[in-house]
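No gaps in the numbering here: position 13 of the sequence shown is 13 in our numbering, and each next residue is one more.
Derived by calculation from the structure, the hints in this document are not laboratory data.
One or more hints might be untrue.
[Said to hold, decoys possible] With a cut-off of at most 20 Å between alpha-carbon atoms, the simulated DMTMM-like pairs for lysine to aspartate or glutamate come out as follows:
id: 1; residue 1: Lys245; residue 2: Glu192
id: 2; residue 1: Lys81; residue 2: Glu93
id: 3; residue 1: Lys245; residue 2: Asp230
id: 4; residue 1: Lys146; residue 2: Glu93
id: 5; residue 1: Lys226; residue 2: Glu247
id: 6; residue 1: Lys146; residue 2: Glu82
id: 7; residue 1: Lys245; residue 2: Glu229
id: 8; residue 1: Lys146; residue 2: Glu283
id: 9; residue 1: Lys33; residue 2: Asp50
id: 10; residue 1: Lys280; residue 2: Glu265
id: 11; residue 1: Lys245; residue 2: Glu272
id: 12; residue 1: Lys226; residue 2: Glu37
Values in this document were obtained by computation on a predicted structure and should not be read as measured data.
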Amino acid sequence: MPRAWRRPFLETAWRGVAIVHTGEAPPVVSRIKGVLELSGVPAHVLPVGDLARALRCYDAVIFAGAVGGAVRLLCPLLRGKEVDPPVVVVDREGRFFIPLVGAHRGANKLAEELASAVGGTAVITTAAEAAGALPPEELERALLCKMSREDRLRVAAALRDGREVCVAGVEEAPPGYRPGEGCETVIRRARECREGEVCCRPLRLYVGLGFTSTASVGELVEAVRKALEDLGADLSAVGAVTSIKPEAAEAARALGLPAAVFKPEELRVDWECLSPASRKALEVSGLPGVAEPAALTAAGPGSYLLYRKRVFGCVTVSVAAAV
């Protein structure tokens with residue numbers, strides 16, 4: 001599978017896309033939601049009152065409405081270019097898709113992909129991405145690792161100043177970087193690095209599963225493999241496979257992985273970024289969902305949702321990440 005920086009934006013929108021609107025939802029909202037779901041991307045339509053949560057919890061935000069209104073609502077909520085997700089504004093008729101925040105971090109690509117899908121026009125106002133380097137935050141995302149804030153700033157400064165930045169231990173590096181060593185700034189994906197290197201510490205992944213009584217262990221195994229394939233991760237990155245049903249432990253054994261099986265009451269369901277509650281899950285287990293809370297509970301404090309729940313046949317799978 002190609003590295004994340006070579007893939008369409010929607011293929012790597014692992015945490016899903018929030019569609020926010022004011023007033024009554026215009027028809028373009030349902031059209032965009034249909035395009036996203038057809039692409040396999042979790043898409044949630046949220047009222048404008050949930051805009052702040054959308055910015056914290058999703059890989060991109062689409063604002064259906066006027067650019068002026070979007071600017072007024074967004075300005076007090078923006079935290080910084082290294083953490084704010086791409087935001088694309090679309091007019092209520094779906095004619096124009098305008099990258100407003102994070103153009104070089106995916107908004108341009110997202111605007112182009114959506115415009116192509118619904119027959120609109122992407123309004124691109126920035127220079128070609130190919131002329132620049134991948135931001136450090138996007139490099140972390142592609143390599144599934146985390147740098148310290150200080151190291152992230154160090155890498156950003158080197159790229160800004162035109163100095164060479166190497167990524168050790170990779171055969172291919174993204175735009176603006178060189179594979180290998182020998183640069184003034186060397187990034188290494190490892191928990192322990194040499195003196196002077198930038199450590200990008202690998203994420204530990206926790207795969208949460210929810211499934212029907214008819215799901216086989218083989219289907220659980222395939223769902224785990226599919227989620228990891230989407231992320232570009234391998235089994236060695238997984239800390240545990242987790243659920244509230246013992247069949248998850250059987251799937252974990254089949255994969256050679258640890259398992260964590262919780263009682264329903266042990267799952268934390270107060271995580272801010274959980275998907276909207278599933279009516280079926282509420283009826284069956286009394287929980288708003290199983291896959292996401294199980295993954296986050298297993299990953300522990302400080303973890304976050306990396307891969308919003310997706311359904312593969314009889315199995316729902318989600319992935320949480322911890323550093």
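Results of checking the hints against the structure:
Only pairs whose Cα atoms come within 20 Å are accepted, and Lys245 paired with Glu192 is rejected, the gap being roughly 36 Å. Between the alpha carbons of Lys81 and Glu93 the distance comes to roughly 29 Å, so the proposed pair goes past 20 Å and is violated. About 24 Å separates the Cα atoms of Lys245 and Asp230, which puts this hinted pair outside 20 Å; it is violated. Straight-line distance between C-alpha atoms of Lys146 and Glu93 comes to about 40 Å, which puts the hinted pair past the 20 Å bound.
Using a Cα cut-off of 20 Å, the hinted pair Lys226 and Glu247 holds, with the two alpha carbons roughly 18 Å apart. Distance hint between Lys146 and Glu82 is fulfilled; the C-alpha atoms sit about 13 Å from each other, no more than 20 Å. Between Lys245 and Glu229 the CA atoms are separated by roughly 24 Å; this puts the pair beyond 20 Å, and the hint is violated. For the hint linking Lys146 to Glu283, the alpha-carbon distance of about 38 Å lies beyond 20 Å, and the restraint is violated.
Straight-line distance between C-alpha atoms of Lys33 and Asp50 comes to about 17 Å, which keeps the hinted pair within the 20 Å bound. Between Lys280 and Glu265 the alpha-carbon distance is near 17 Å, which keeps this suggested pair within the 20 Å criterion. The straight-line distance between the Cα atoms of Lys245 and Glu272 is roughly 24 Å, outside the 20 Å bound, and the hint therefore fails. At most 20 Å may separate the alpha-carbon atoms for a hinted pair to count; Lys226 and Glu37 meet this at roughly 17 Å.
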